[in-house]
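Engineer: Listed below are the residues making up each chain.
There are 2 protein chains.
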Amino acid sequence: MKFKKLLVYNIEESGSLDPASWKKIKTFGDKIIFLPKGDSKLKKELADTDCILVNFGTEVGKTEIDNAPKLKYIGVMATAFGKIDVAYAKKKKVIVTNLKGYSTESVAEFIFAAILEYLRGLEEGKKRGRSKNYSELGISALEIKNRTFGIVGLGTIGQRVAEIALGFGANVAYWSRTRKKNFENKGVKYVPFGDLISNADIISINLAQTKETEYIFNKSVFNKLKNGAIIINTAPMDLINVDALVERLKRDDIVFMLDHSDEMAEKDLEKISKYPNCIIYPPMAYISREAAENKRRIFVGNIEAFIKGKPQNVVN
Amino acid sequence: MKFKKLLVYNIEESGSLDPASWKKIKTFGDKIIFLPKGDSKLKKELADTDCILVNFGTEVGKTEIDNAPKLKYIGVMATAFGKIDVAYAKKKKVIVTNLKGYSTESVAEFIFAAILEYLRGLEEGKKRGRSKNYSELGISALEIKNRTFGIVGLGTIGQRVAEIALGFGANVAYWSRTRKKNFENKGVKYVPFGDLISNADIISINLAQTKETEYIFNKSVFNKLKNGAIIINTAPMDLINVDALVERLKRDDIVFMLDHSDEMAEKDLEKISKYPNCIIYPPMAYISREAAENKRRIFVGNIEAFIKGKPQNVVN
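In order, the protein sequence lines correspond to chains A and B.
Following the numbering used here, the numbering of the first sequence begins with 1 at its first residue and continues without gaps.
Following the numbering used here, the numbering of the second sequence begins with 1 at its first residue and continues without gaps.
Source of the hints: derived by calculation from the structure; they are not laboratory data.
Keep in mind the model is a prediction, meaning the values are calculated, not measured.
All C-beta atoms, glycine included, are put in the ideal place defined by N, C-alpha and C.
Worth double-checking, as some hints may not be accurate.
[What the hints assert, rightly or not] Some, not all, of what chain A presents toward chain B, calculated at C-beta under 8 Å:
id, residue
1, 83
2, 86
3, 87
4, 90
5, 113
6, 114
7, 117
8, 136
9, 138
10, 168
11, 171
12, 277
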């Protein structure tokens, strides 16, 4: 089979995928339409489309699905698909696919990059080297080995973070909504959320955002953090109560790092960016050459698999 | 037993160890003398000393040993002891001890810190975050996983680097003067030096400096490196032919990182510091809170063990 019309919504043709991938995708449909987000032609274009391809964070709700009576397939170019009404899609027999795990390794390695950069004072080291000051005086550092490394959320990324932390010789503990007993055999200990927060020296947040987990990092959680704790969040910032974070940042006894600045309200970014103990990266954890290759391969592969009657990476 | 006189040569009392450690050390001798490097009283003070304590890189050769007829013990406050004539000391029944492995973890973790900082473009990321530019555009990154990670020298530090690299999922290969078959069971492959250099994406130099290994990184070795190779040297810079390094740096197709800038001649530093693909850190790999604690514990412990008739960390 082949789609009648591929509606590419809120994905720019250039920049998101390479020309070869688009060429391949175009063979999956009789025609292809690109629409920017909020385009007024959306409703009209939905009427006869049987395939929608969307980027991270693009909403495809009940309205859009109802406006597309011929819809069979929604392909999401991201791992997260929180903005797609997957239950309603299922009811309408529309299959939704995502890019499961395409950036797992990239994100996991970034987490260690950012933690080590901070722990070792590399910014200061590079600065000195560049200005021909080769003194190590006043540079201090901590090792990951033997520190308590807490992982909040032991999904695909959390598990990979755990494996790398074990390689560093950390005492790795986790809390997750569902306990992963098999994974515990590797030497990773399950602890209740509150205990994890109170005892960890380093915390990596790798939790999916759901109604249950939204703003789970509230005032009482931030109060529990050890003095000197280092927290890195590469998961959605909606897991964090920003005012509670600010209150703890003010005490200047923790470090908070994040890479989801793009998803934050400007007023929230303003609040946290004042504090030198809050290290804000652009959304770059998911970026690696390998992740980009996976993205192309999985996104195109998902559409092709559906066409061949063997859908893969179905999330509903 | 107790020493008659502790001669502390080229170690400053403040800065090198904490007051509690010095207090303890003072109990090991009837008296203690501190002499700065090159002090004219050295010869006189050596005459009746039975214990010399020296810092990294302090020379204790045939002359000094001959000038100290009562000498029984030389305690080196470093892992490297290349400047001590250990063979002659042995002949004169003088025991030499070092701080074996005190900074192994610190150096191994620093190596990953520096590699990841480069691979993930963290400097640019932090700069953007700080200037409220939250765009990831143009940031590129590579993963360690599945890359060929070559380790030159599989001693204590090299082995620890191998273990961490395995945690990252790299293809770990090594060359060492003596093959470590037991360690190969962990999933680390032995390859001849030339093949290691030609095939590795990332190379960590963890080789001890001996007459055999001096300037082992010569022109032909630098020519063999893959385009895009990343080399980090936390071992002595005398393993490197600086002019050969400069020739390859000029081609701008490798990255070389080092943390032994303090040991280099100024003219050599001038030569390499011109190239942005040469990242020079102050000597900070060995610095961590844990390494400092190990240093105190092992240095004091070595003297105490000798006094109790059970010398430890003896290198001759």
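Engineer: Give a verdict on every hint.
Structural biologist: Now the hints, each set against the structure:
1. 83: violated (20 Å)
2. 86: violated (27 Å)
3. 87: Violated - the Cβ of residue 87 of chain A stays beyond 8 Å from chain B, reaching only about 32 Å at its closest.
4. 90: Residue 90 of chain A check fails; min Cβ-Cβ to chain B is 33 Å, beyond 8 Å.
5. 113: Result: holds, 4 Å to nearest chain B Cβ.
6. 114: holds (7 Å)
7. 117: holds (5 Å)
8. 136: Since chain B brings a Cβ to about 4 Å from residue 136 of chain A, closer than 8 Å, the hint holds.
9. 138: Cβ of residue 138 of chain A sits 10 Å from chain B, so the hint is violated.
10. 168: holds (6 Å)
11. 171: violated (14 Å)
12. 277: violated (13 Å)
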